Amino acid sequence: VKEKEEEIRKKMEELSKELEQRGTAAAELQRKLNEASKSMVESSLQMDQKRSECQRLSDEIERLKELNEIVLREKQEEERKLYSLQADLDISLKRSRALEQDINSLKHEKDVLARQLSTLSQTSL
Numbered sequence: 001v002k003e004k005e006e007e008i009r010k011k012m013e014e015l016s017k018e019l020e021q022r023g024t025a026a027a028e029l030q031r032k033l034n035e036a037s038k039s040m041v042e043s044s045l046q047m048d049q050k051r052s053e054c055q056r057l058s059d060e061i062e063r064l065k066e067l068n069e070i071v072l073r074e075k076q077e078e079e080r081k082l083y084s085l086q087a088d089l090d091i092s093l094k095r096s097r098a099l100e101q102d103i104n105s106l107k108h109e110k111d112v113l114a115r116q117l118s119t120l121s122q123t124s125l
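Numbering (our numbering), first residue to last: 1 to 125.
You may find that some hints are simply not true.
DSSO-like cross-link-like pairs, simulated, lysine-lysine; straight-line CA separation at most 27 Å [what the hints assert, rightly or not]:
(1) K107 to K94
(2) K38 to K50
(3) K65 to K75
(4) K81 to K65
(5) K81 to K94
(6) K4 to K17
(7) K17 to K2
(8) K110 to K94
(9) K32 to K17
(10) K17 to K38
Using C-beta positions, here's what the derived DEER-type ranges look like [unchecked claim]:
(11) S105 to S84: 25 to 35 Å
(12) L57 to A87: 39 to 49 Å
(13) D59 to E20: 52 to 62 Å
(14) D90 to A114: 27 to 37 Å
(15) K10 to M47: 53 to 63 Å
(16) R73 to D111: 51 to 61 Å
(17) Y83 to H108: 49 to 59 Å
(18) L113 to R73: 58 to 68 Å
(19) V41 to I61: 29 to 39 Å
(20) E79 to L57: 28 to 38 Å
No lab work stands behind these hints, which were simulated from the structure alone.
These figures come from a predicted structure and were not determined experimentally.
Note that the Cβ used here is the ideal one computed from N, Cα and C, for glycine as well.
Produce the complete structure using the sequences and hints provided.
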């Protein structure tokens, strides 16, 4: 009976040791699982932050594209106005030159008439 008791005690000790080892292994696995879970949560948060940042940048790019289109339209409108003003200036310059020629022609005619008048005045004296 004592041998049987001793044998049972040894088996119980072995089982206790094995149970303790398995408990330690289970605790280690649980610790690793907790670390992996924490790492996964952190990665998920980082991904969410990066996704938010990408969305913010995408929105900013769209806003800048819209502003660029507005600026481009305004630039084109200003160029059209500039070309129109340039055309008006060219027309005014041509008119000014034509008026200058007319004035010069009239001055010449006046000088000719003044000479004729002077000649007539001298002849009639």
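Which earlier hints can't be squared with this structure?
10 and 17
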